[in-house]
Amino acid sequence: MTNLVEISDLNFGYNDRLVLKGINLAVPKGSLVAIMGLSGCGKTTLLRLIGGQLRAREGSVKVAGYELNHIGQRDLYALRRRLGMLFQFGALFTDLSVYDNVAFQMREHTDLPESVIRDLTLMKLNAVGLRGVQSLMPSELSGGMARRVALARATALDPELILYDEPFAGLDPISLGVIGQLIRRLNDVLGATSVLVTHDVQESLKIVDYVYFVSEGVIVAQGTPDEIRASPLPFVHQFVWGEVDGPLPFHYPAQTIQNDLGLRGG
Amino acid sequence: MERSTLNLWVGIFVLLGFFSFLMLAFKVGNLTAGGSGTTYTVVAHFDNIGQLKERAPVRSAGVLVGRVRSVQFDPVHYNAEVSLAIDSQYQFPKDTSASVLTSGILGEQYIGLDAGGDEKMLKNGDEIKLTQGAMVLERLIGQFLFSKAQEGGASQGGQK
Amino acid sequence: MPLDATMRGIRLIGERTLRIVERVGATIAFLGLTLAQSATSFRRFGLVIREIFYAGVQSLIIILVSGLFVGMVLGLQGHETLQNYGSEQSVGVLVALSLVRELGPVVSALLFASRAGSAITAEIGLMKATEQLSAMEMMAVSPISRVVAPRFWGGVLSMPVLAMLFSAMGIIGGFLVSVVVIGVDDGAFWSQMQAAVDFRHDIVNGIIKSVVFGIAVSAIATFEGYEAPPTAEGVSGATTRTVVSSSLAILALDLVMTAFMLKGWN
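Residue numbers (my numbering), protein chains in the order written: chain D, 1 to 266; chain W, 1 to 160; chain F, 1 to 266.
By construction, these hints were calculated from the structure, which means they are not laboratory data. Watch out, some of these pointers could steer you wrong.
As a list, the in silico DMTMM-like pairs of lysine to aspartate or glutamate whose alpha-carbon atoms are at most 25 Å apart [claimed, not checked]: (1) W:LYS27 with W:ASP47; (2) W:LYS27 with F:GLU102; (3) D:LYS29 with D:GLU243; (4) F:LYS263 with W:GLU108; (5) F:LYS263 with W:GLU81; (6) D:LYS62 with D:ASP188; (7) F:LYS263 with W:GLU54; (8) W:LYS129 with W:GLU119.
Could you build all of it, start to finish, from the sequences and the hints given here?
Okay, structure coming up:
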């Protein structure tokens, strides 16, 4: 099986703070891979590197044969046409209706006649079960519905690679299950490859093929969902089972509380 | 917003703008008087131009026929060289005279043209030879007093 | 040490000045970028028409009403002053020249900056904050050509129309007050105005001014929106900056252009 995404020895930092250190990662074609970790561990940064929104400082990021570190604007845009991305809160265009949002890329990138665009758009909306809201504006949708519309938009041009940035954030349990199932189904039906960045363990472990665990810019664990669940690593255990205290302490490093409150021992 | 309503409103907007342009051009401005807008330039030298400024009106028989294009000091003749842009639709004989006049007592100064009787007409670049500079109040008063004094002297002499 | 304080003060002035120059430079560079990516706006003029609606049509009411009031005040004040010299019939000249040369372009541009300019900044800033611009980039659509350029051109094309409407409305206001209410002679009002207002030197120059103001306000508004920090405070700060910098730019440019226009361009 060939790898659609291949990252090797990647270092990345903002200013002089290194966010990602020595990342090695591969996403085989057709699979659904999750990158998990705490908020602020650098996983969204990793996704942006794969999408070409950021450039690595050292190491290489290869997507569909393109080396993203040295890619030109034209190639990058060509690559992005084969790529779909679901943003954290959907990022639907607020000045366009649901229908126009889904039809956006078809209008921008193809010369299809309006009747064909209409059929395709309705099919995409139907796939996420939201054909009925086509004339609404994004502000009139619930969070879960907006996420599904965004999913329809991300898959509008049948992308080879779909990137998901926190697709489960801020959803109720039912919407969460719906989105999870849709992600899995779209991946298989479209024959696409998906990379999922999330901190929602339980939901994502149900649907993904492989998991990378990131902590403080380093991959600390990887494996299939079953391996992760059974992982003996204390950090992974704490994360998967949601324990309050563990290797990752409850308290942010600080001086002792006695000092802060002015209670000098004496 | 429906596409057609949007277009309708923008259409109304553009039409309103067009009408206000027409109003500014023809009702407020002088585009009608300016005719085609083509002008020819003639030059005139004045001893004194008073307060005459660039773009001051050029009138003949009270009708606006052009504007002052530029006012310069002529270092050769030590007088003022004024070039006038006159509307092409108005032609003047070669011996037309130009004078610096004042509209009202405190009004702006303008150039008045009095047509002569020559058969040849002024062309672009020609010079108006007959000119009358601005009246300067102090000189007028001085002249008046001088002539009064002379008059007085003459009458005294006559009595002797 | 007073010397220290003085040095610090001077250093602060230097720093501020450099920051302003930097910002002006960045805005001009952004304007260049916008112009370079304007092809889409003219190929799909519907995008610009939409923005003319939001920038121009929606500013109509405020422009028309303010124009009327400003013209009426000019009529009242002009008549009051001119009748001391027994030339109240010149009130038409005074109203028309002040509106066509200065107040029309300048006041309508100031109103436009606070009505439409701030809206453009807020909209683009929010699109950035909600990742809509990133989403567009990930769809291989340049946000500058799709979002910024249509708004820029909508503003540039609306501005002269609004300025002319403001002047026309103001002259009607002056007419109402001085002729209809006070009783200045109707014929003298218009004929003196026509004799004094020159099409080329007054009206066309006024329109040139408004075009330049339109470019300045639209460039500042789009730049501030595009560069706004993607937070609530960031967007609100950018909106304020748009109004402040636009107003300063309008007044400064007006001074420069007026100086040139009175002197003649050559």
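Hints versus structure:
1. With a CA separation close to 37 Å, the supplied pair W:LYS27 and W:ASP47 exceeds the 25 Å bound.
2. In summary, the hint linking W:LYS27 to F:GLU102 is supported, as the alpha carbons are separated by about 19 Å, within the 25 Å threshold.
3. Of the pairs offered as hints, the one joining D:LYS29 and D:GLU243 is violated, with about 34 Å between alpha carbons and a cut-off of 25 Å exceeded.
4. A hinted pair counts as satisfied when its Cα atoms are at most 25 Å apart, and F:LYS263 with W:GLU108 qualifies at roughly 19 Å.
5. At most 25 Å may separate the alpha-carbon atoms for a hinted pair to count; F:LYS263 and W:GLU81 meet this at roughly 18 Å.
6. Under the criterion of a C-alpha separation no larger than 25 Å, the hint pairing D:LYS62 with D:ASP188 is consistent with the structure, at around 23 Å.
7. Note on F:LYS263 and W:GLU54: the hinted pairing holds, with a Cα-Cα distance of about 10 Å set against a maximum of 25 Å.
8. About 16 Å separates the Cα atoms of W:LYS129 and W:GLU119, which keeps this hinted pair within 25 Å; it holds.
When each numbered hint is compared with the structure, violations occur for hints 1 and 3.
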